[in-house]
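Participant: Listed here are the chains, written in short residue letters.
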Amino acid sequence: MQRKAIFNNKLLPYLLLAPQLAITFVFFFWPAGEAVWYSFIRQDAFGISTQFVWFENFTDLFADPLYHQVIINTIIFSVSVTFLSMAFALGLAVLADRHIRGKDAYRTLLIWPYAVAPAVAAILYIFLFHPDIGLIGRALKGMGVAWNYTLNGNQAMLVVVLAAAWKQVSYNFLFFLAGLQSIPKSVLEAAAIDGASPLHRFRTVIFPLLSPTSFFLLVINITYAFFDTFGIIDALTKGGPGNATQTLIYRAYVDGRVNLDIGASSAQSVVLMIAVMALTLVQFRFIERKVHY
Amino acid sequence: MQRRHILLGTSGLLAAPFVAPSVRAQGRTEIQFWYGLGGALGERVAEQVTRFNESQSRFRVNANFRGSYVEVMTGAIAAWRAGTPPHIAQVFEVGTATMMAAGPAIRPTHELLGEAGITLDPKRYLAGVRGYYSDTQGRMVSMPHNSSSAVLWINLDAFEKAGLSTTDLPKTWAEIRAAAQKIKATNAAEIPISTAWPTWVMFEQMSSIHDVGLATKANGFEGLDAQMNLGAPIFAKHTNMLLEMQREGTFVYGGRDGDGFASFPAGKAAMSFNSSAGRAQVQREAKFRWASVVLPYHGDLTQSPRNGVIGGASLWTLTARNRTAEEYRGVAEFYRFISEVEQDKWWHHVTGYVPLTLAAYEASRAEGFYTQNPGADAAIIQLSRAEPTPNSQGFRLGGFVEIRNIIQEELERGFQGQQNAETLLANANRRADVVLRNFERANRR
Numbered sequence: 265m266q267r268k269a270i271f272n273n274k275l276l277p278y279l280l281l282a283p284q285l286a287i288t289f290v291f292f293f294w295p296a297g298e299a300v301w302y303s304f305i306r307q308d309a310f311g312i313s314t315q316f317v318w319f320e321n322f323t324d325l326f327a328d329p330l331y332h333q334v335i336i337n338t339i340i341f342s343v344s345v346t347f348l349s350m351a352f353a354l355g356l357a358v359l360a361d362r363h364i365r366g367k368d369a370y371r372t373l374l375i376w377p378y379a380v381a382p383a384v385a386a387i388l389y390i391f392l393f394h395p396d397i398g399l400i401g402r403a404l405k406g407m408g409v410a411w412n413y414t415l416n417g418n419q420a421m422l423v424v425v426l427a428a429a430w431k432q433v434s435y436n437f438l439f440f441l442a443g444l445q446s447i448p449k450s451v452l453e454a455a456a457i458d459g460a461s462p463l464h465r466f467r468t469v470i471f472p473l474l475s476p477t478s479f480f481l482l483v484i485n486i487t488y489a490f491f492d493t494f495g496i497i498d499a500l501t502k503g504g505p506g507n508a509t510q511t512l513i514y515r516a517y518v519d520g521r522v523n524l525d526i527g528a529s530s531a532q533s534v535v536l537m538i539a540v541m542a543l544t545l546v547q548f549r550f551i552e553r554k555v556h557y
Numbered sequence: 068m069q070r071r072h073i074l075l076g077t078s079g080l081l082a083a084p085f086v087a088p089s090v091r092a093q094g095r096t097e098i099q100f101w102y103g104l105g106g107a108l109g110e111r112v113a114e115q116v117t118r119f120n121e122s123q124s125r126f127r128v129n130a131n132f133r134g135s136y137v138e139v140m141t142g143a144i145a146a147w148r149a150g151t152p153p154h155i156a157q158v159f160e161v162g163t164a165t166m167m168a169a170g171p172a173i174r175p176t177h178e179l180l181g182e183a184g185i186t187l188d189p190k191r192y193l194a195g196v197r198g199y200y201s202d203t204q205g206r207m208v209s210m211p212h213n214s215s216s217a218v219l220w221i222n223l224d225a226f227e228k229a230g231l232s233t234t235d236l237p238k239t240w241a242e243i244r245a246a247a248q249k250i251k252a253t254n255a256a257e258i259p260i261s262t263a264w265p266t267w268v269m270f271e272q273m274s275s276i277h278d279v280g281l282a283t284k285a286n287g288f289e290g291l292d293a294q295m296n297l298g299a300p301i302f303a304k305h306t307n308m309l310l311e312m313q314r315e316g317t318f319v320y321g322g323r324d325g326d327g328f329a330s331f332p333a334g335k336a337a338m339s340f341n342s343s344a345g346r347a348q349v350q351r352e353a354k355f356r357w358a359s360v361v362l363p364y365h366g367d368l369t370q371s372p373r374n375g376v377i378g379g380a381s382l383w384t385l386t387a388r389n390r391t392a393e394e395y396r397g398v399a400e401f402y403r404f405i406s407e408v409e410q411d412k413w414w415h416h417v418t419g420y421v422p423l424t425l426a427a428y429e430a431s432r433a434e435g436f437y438t439q440n441p442g443a444d445a446a447i448i449q450l451s452r453a454e455p456t457p458n459s460q461g462f463r464l465g466g467f468v469e470i471r472n473i474i475q476e477e478l479e480r481g482f483q484g485q486q487n488a489e490t491l492l493a494n495a496n497r498r499a500d501v502v503l504r505n506f507e508r509a510n511r512r
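Going line by line, the protein sequences match chains X and H. Letter by letter, the first sequence follows residues 265 to 557 in my numbering. Letter by letter, the second sequence follows residues 68 to 512 in my numbering.
Think of the hints as simulated: they come from the structure by calculation, not from any bench. Predicted model, so just to flag it, every value in this text is computed and none were measured. Note that CB positions come from ideal geometry on N, CA and C, so glycine has one too. Be careful, since some hints might not be right.
What the hints assert, rightly or not - Some but not every residue of chain H turned toward chain X, in silico, with C-beta under 8 Å:
| no. | residue |
| --- | --- |
| 1 | A146 |
| 2 | W147 |
| 3 | G150 |
| 4 | R174 |
| 5 | G325 |
| 6 | V468 |
| 7 | R480 |
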């Protein structure tokens, strides 16, 4: 109708789109394409000799039992981080949404951790949990707990999960709070008049109305856990002890930048790319159906 | 007039080292130098460069701090691939094999100096330093810059508290273990023994000191087809001892890389192993009497321990298509400058790294530097006490950074109680061999 009439010239829309397309191409498709290309070759660090090896980088990767452990680590890590950060954020948002004195101050304070850089967050957690210098770490040892995350894999995983989740709580809190505030008061009042308890109201009214926000945050948090937690792991455990806290992204970094094995690193990036594409697809196909807008 | 310009330029550089003056403006040839030492040591590097710039008026070295050693190396490699590498990159010792395999990307130091007409006799340099950075014909490929060796740090107050001698310090592992047991029994310190750099100290140094290769083919010096040699009895013996000591509480694992050393300057550990370059930190932080001595050896395996190996970094000259002879000349002049006895001695004294040349060591000794700073020569003695053998001259293993981490990871699994020494070594050997084979394939020309 009206939309069709805007452009008479067939070229103009493409021309207007060109800058955005150029940026997308240069900064997204090109590097991604390079990663795909490099995943099929074997090359020395300087790129002096190159060998095309077909799928060898991939078969090597999946034949490595340590890579299987890294996949399992990533699943445990991402699920825990996403669940913890969203659950805490929702709880805090519900509390901060109530009519309490000084709620603006609470809200501001709760948003602060988001401004903390991942590496700095990790340092904070070292000062909390380190068995020798950490506040909580020493207290745990004092109580007789054999606490040493530098040597105990499960404890190391727990610490990186806590640090990564803590860092993301603020972001989730912000969105949950906005989501809560956009729920019409009349709906809640009607439910209250009908005699629904606060818990009942939360379960049957608030939570379903929050589902678009929750869904959005689910996608964001999983992406965060997959890609943006590198700094925390690097500063806290460097993937150790053993390989206990090595995740897909961390291993791709180590193989590519530290070990200078570009083929292996690119193959991992491609695997990661496919995994995230699949995950997002699943989320939109199956979970989004349950979301009420 | 010309002279004044240069002086003005120099003072401008001092005031603002990051202002990039145009290449020819002051008639000086610019040399880019990327380094990876932060903090106090980084300031010393900047000072070293300033000294060079002030010493002559033909070249100007621009020193740029580029992050960690890993970041400098990956950054320099990426820059080379893009055609804009720095003239000089400081690369840590584990990156040596990767750099050496990079044929057209690097200009070997002996070639560089030869073209510039500068003769630097390799014999001037400490044997342990020279050997690590030389090819099989004994020609220096990179320029030694900052070298250290691992030494044993001892808290003398803790030793006294435990009733141990503070003058007759342990020399063998048996003596170390006995001392650690006594420290534990008397509760003289929270941690009897800890270590930084587990692979470097417990595998690389031990291999060198006991003259057993960490890998075949002279630790990779004789070819890319080297294989790991972790099946040698020394490694099983040593690892078993570490695991036993951990179980009896005399050895406490303190984490990867440098992490394990934090407990020593804090006064919690009675003994610790770390680079001799940790001296500045200990001097600043330790509130107790301490000593640094050469590494222990297994008395039942050898009575005459060989030289230890170095750690630290060397300078690599990178090539570029448009690089002029004058620029290479500048790099060569810089190398000549830092090898001068006066400069080398200064560097040794202010950083805690070992001197590059024997002459600087002799001069320091003549000045009484080691009587004023006892133990500052432990690393030098350790590096030069024997002529290096093929097993003790250093390591030329491709993907050595990864191999170091593999050994570290498997060791951690051993400390966790998941595997015994034999399985640990077999796993590390197998995984490291894969790294060597991949490197061999990628670098075969």
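Participant: Next, verify each hint and record whether it holds.
Facilitator: Taking the hints in turn, this is what the structure says about them:
1. A146: violated (11 Å)
2. W147: With a closest approach of 6 Å, the W147 of chain H hint holds.
3. G150: Hint violated; G150 of chain H Cβ to chain X Cβ min 11 Å, cut 8 Å.
4. R174: The hint is violated - R174 of chain H has no Cβ within 8 Å of chain X, the shortest such distance being about 14 Å.
5. G325: violated (12 Å)
6. V468: holds (6 Å)
7. R480: holds (5 Å)
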